[in-house]
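Go ahead and model the full structure; you've got the sequences and the hints to work with.
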Amino acid sequence: MTTPEDVLVRAETLRNRLPSSFRDEIVQSLYAEAERIARRAVKTAGNRQYDLDQRIDRLVTAPVTGLLIMLLLLTVVIWMTVSGANVISDFLFTLLFGVGDWARALFVEWGVPWWITGFVWDGVYRCLAWVVSVMLPPMAIFFPAFTLLEDLGYLPRVAFNLDWLFRKAGAHGKQSLTMMMGFGCNAAGVISTRVIDSPRERLIAILTNNFVPCNGRFPTLIMLATVFVAAGFGGAAASVIAAGAVVAVVLIGVAFTFLMSWLLSRTVLRGEASAFTLELPPYRRPNVLRILYTSLIDRTIFVLWRAMLTAAPAGAVIWLLANIPFGDASLAVAIARWLDGFGRLLGLDGAILLAYIIAIPANEIVVPTMMMIYTNAGMMVEAPANDSAIRALLVDQQGWTLLTAINLMLFSLLHNPCATTIITIFKETRSYKWAAMSVAITLGTAFLVTFLTASLARLAGLSLRSGALALAEPVEARAGAAPGGIVVVLICPGAG
Numbered sequence: 002m003t004t005p006e007d008v009l010v011r012a013e014t015l016r017n018r019l020p021s022s023f024r025d026e027i028v029q030s031l032y033a034e035a036e037r038i039a040r041r042a043v044k045t046a047g048n049r050q051y052d053l054d055q056r057i058d059r060l061v062t063a064p065v066t067g068l069l070i071m072l073l074l075l076t077v078v079i080w081m082t083v084s085g086a087n088v089i090s091d092f093l094f095t096l097l098f099g100v101g102d103w104a105r106a107l108f109v110e111w112g113v114p115w116w117i118t119g120f121v122w123d124g125v126y127r128c129l130a131w132v133v134s135v136m137l138p139p140m141a142i143f144f145p146a147f148t149l150l151e152d153l154g155y156l157p158r159v160a161f162n163l164d165w166l167f168r169k170a171g172a173h174g175k176q177s178l179t180m181m182m183g184f185g186c187n188a189a190g191v192i193s194t195r196v197i198d199s200p201r202e203r204l205i206a207i208l209t210n211n212f213v214p215c216n217g218r219f220p221t222l223i224m225l226a227t228v229f230v231a232a233g234f235g236g237a238a239a240s241v242i243a244a245g246a247v248v249a250v251v252l253i254g255v256a257f258t259f260l261m262s263w264l265l266s267r268t269v270l271r272g273e274a275s276a277f278t279l280e281l282p283p284y285r286r287p288n289v290l291r292i293l294y295t296s297l298i299d300r301t302i303f304v305l306w307r308a309m310l311t312a313a314p315a316g317a318v319i320w321l322l323a324n325i326p327f328g329d330a331s332l333a334v335a336i337a338r339w340l341d342g343f344g345r346l347l348g349l350d351g352a353i354l355l356a357y358i359i360a361i362p363a364n365e366i367v368v369p370t371m372m373m374i375y376t377n378a379g380m381m382v383e384a385p386a387n388d389s390a391i392r393a394l395l396v397d398q399q400g401w402t403l404l405t406a407i408n409l410m411l412f413s414l415l416h417n418p419c420a421t422t423i424i425t426i427f428k429e430t431r432s433y434k435w436a437a438m439s440v441a442i443t444l445g446t447a448f449l450v451t452f453l454t455a456s457l458a459r460l461a462g463l464s465l466r467s468g469a470l471a472l473a474e475p476v477e478a479r480a481g482a483a484p485g486g487i488v489v490v491l492i493c494p495g496a497g
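Note that my numbering has the sequence shown beginning at 2, numbered continuously upward.
Because the hints were derived from the structure by calculation, they are not lab data.
The list that follows gives simulated cross-link-like pairs (lysine to any residue, SDA-like), each with its CA atoms no further than 25 Å apart:
#1 Lys434 to Trp263
#2 Lys169 to Glu280
#3 Lys428 to Tyr294
#4 Lys434 to Thr268
#5 Lys434 to Arg267
#6 Lys169 to Gly67
#7 Lys169 to Val196
#8 Lys434 to Ser199
#9 Lys169 to Pro64
#10 Lys428 to Ala441
#11 Lys434 to Arg195
#12 Lys434 to Leu264
#13 Lys428 to Ile302
#14 Lys434 to Gly445
#15 Lys169 to Leu270
#16 Lys434 to Thr446
#17 Lys428 to Val196
#18 Lys428 to Ala313
#19 Lys169 to Pro157
#20 Lys169 to Thr268
#21 Lys434 to Arg271
#22 Lys428 to Thr295
#23 Lys169 to Arg201
#24 Lys169 to Gln29
#25 Lys169 to Tyr32
#26 Lys169 to Gly272
#27 Lys169 to Asp58
#28 Lys169 to Val61
#29 Lys428 to Asn417
#30 Lys428 to Leu129
#31 Lys169 to Ala249
#32 Lys428 to Arg271
Here the structure is a predicted model, which is why all the values come from computation and not from measurement.
What follows is the structure, encoded as structure tokens:
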């Protein structure tokens, strides 16, 4: 006699013999039959809007033109974000750092102890001002542009174009939408994974979202691409080469998203891909008020507030490390020297590693923290105003090479999530395990890739760096030296 268990075993055996496309073929046949019945039963006089939508979809969902249009739109959105953000960032730098200068001078006039003044205004406030100035403008441009495409009805077409790639990686087609959101902010990308119903596939999307660079990492990538990759070109060619280098890094991040999704779906998150039936909505006129509210209030302000909560203590730590003397330099420089050996194994140096450790609360402060260590300053320092000055500091004084810049671009792309994203992952998964795994996966990948790149360069006889971590002369303090030989530096935005 056949038992229910025998029936289940037999059914499972038959299911495993079915081709992977069986479910898609069933869904396709159901829709084809429904369309055939509708053609027989429904008479229409013609719908120009429907015909226009179909003509547009023939382009935006085609295998070749669809991907090209998607890459073009992504490039335009990133270009708009970077170009427009520079103008707004300069204004916010001037405004916020001007307030900081005024408040600091007021504390000095009142006779407040130097260490309180430095801790509050050169440490905590300066870090907050930096994060707001660098993080707010790109989000205020990217999120409205992203929401505009969403409201227009284009983003479901993106999911349609990338669905087959994500299915081959064992993930969900909607992960393409969460990946796109990650370009604005990885924390927002993690939140957007709520659109994926399958818990397993949602976890894959959460754990791999950090492989696409957020707006906090673009300043580092753009600086390196401009100063090193495009250094041998002039005029418009330099900007084209630099933009191409950044886009290439973005595509590398997308490739790692697919690779890691494939590995996770076949190891710790093994399982069958869920069905994904996507009905393409009609194109519609965007609602401007809804776009502004969703992008600025629900996304930009929400993410910025979380970043500020983690950036404030980071500013305090940065100031303490820069102003506690240790030997012939500060504690920050001493730690960077201690990390230098491990940094060279990765084709980097100790200052870069320390900058990324300190910048866990916010990627936006990596470059100023790195410059602070290199110049032995007492606070976060902005990069020099022109490319030649940056090259003089990094190449002539610190021994950087093109390979150092390439490895830093790779490390910036692949390293661990910022504190805001880690907190968001914990809140979304309610699990310390998955939050820790998100750090282990990304940081482990960054270490492995940069180590392999540096090792291959060594085998090929290429030079990674020249000499140990150099120490510049301490930057002169505008307010003078503080007690105990500690230098307190006040540098205006844009200063070298």
